[in-house]
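Visitor: Sequence:
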Amino acid sequence: MEYTQEMKNRLKRLEGQVRGVIRMMEEENHCKDVVTQLSAVRSAVDRTIGVIVAKNLESCITEASKEGKEADEAIKEAVNMIVKSR
Numbered sequence: 356m357e358y359t360q361e362m363k364n365r366l367k368r369l370e371g372q373v374r375g376v377i378r379m380m381e382e383e384n385h386c387k388d389v390v391t392q393l394s395a396v397r398s399a400v401d402r403t404i405g406v407i408v409a410k411n412l413e414s415c416i417t418e419a420s421k422e423g424k425e426a427d428e429a430i431k432e433a434v435n436m437i438v439k440s441r
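Residue numbering for the sequence shown follows our numbering, starting at 356 and increasing by one per position.
Because the hints were derived from the structure by calculation, they are not lab data. Positions of the beta carbon are idealized from the N, C-alpha and C atoms, including for glycine. Just so you know, nobody snuck in bad clues.
Dumping the calculated SDA-like pairs for lysine to any residue here, alpha-carbon to alpha-carbon at most 20 Å: (1) Lys-367 to Arg-378; (2) Lys-431 to Asp-401; (3) Lys-363 to Arg-374; (4) Lys-439 to Ile-407; (5) Lys-387 to Gly-375; (6) Lys-410 to Ala-433; (7) Lys-410 to Arg-365; (8) Lys-431 to Leu-412; (9) Lys-410 to Val-400; (10) Lys-410 to Ala-399; (11) Lys-431 to Gly-405; (12) Lys-410 to Val-438; (13) Lys-410 to Glu-361; (14) Lys-431 to Ile-407; (15) Lys-410 to Ile-430; (16) Lys-424 to Glu-413; (17) Lys-421 to Asn-411; (18) Lys-367 to Ile-404; (19) Lys-363 to Arg-397.
Label-pair ranges, simulated between beta-carbon atoms: (20) Glu-432 to Thr-359: 18 to 26 Å; (21) His-385 to Asp-427: 46 to 54 Å; (22) Glu-381 to Glu-418: 45 to 53 Å; (23) Cys-386 to Lys-421: 50 to 58 Å; (24) Leu-393 to Glu-428: 34 to 42 Å; (25) Asn-364 to Ser-440: 15 to 23 Å; (26) Met-356 to Ala-399: 19 to 27 Å; (27) Lys-424 to Leu-393: 39 to 47 Å; (28) Ile-404 to Gly-375: 14 to 22 Å; (29) Thr-417 to Cys-386: 43 to 51 Å; (30) Glu-422 to Arg-378: 48 to 56 Å; (31) Arg-368 to Glu-425: 30 to 38 Å; (32) Lys-421 to Val-390: 42 to 50 Å.
Given only the sequences and the hints, what does the whole structure look like? Please build it.
Guide: Right, here's the structure in full:
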């Protein structure tokens, strides 16, 4: 699988968000604010997982189609990855 620059940029933004949360903790910000930011990080991770799984599924289906195979197995694997990420 090819990991696009978009995917890497998403992770770099996530890294910045996590550093921001650590800074908030070091500055002893209110718990509610820290948890709100952690929730945003979790949402961003979930969206990133979705993008990666979708791109992987897309390439697997394209490859299966070229080889004259059914894409059922690739779809099952993608669904399992999404379920495990929850």
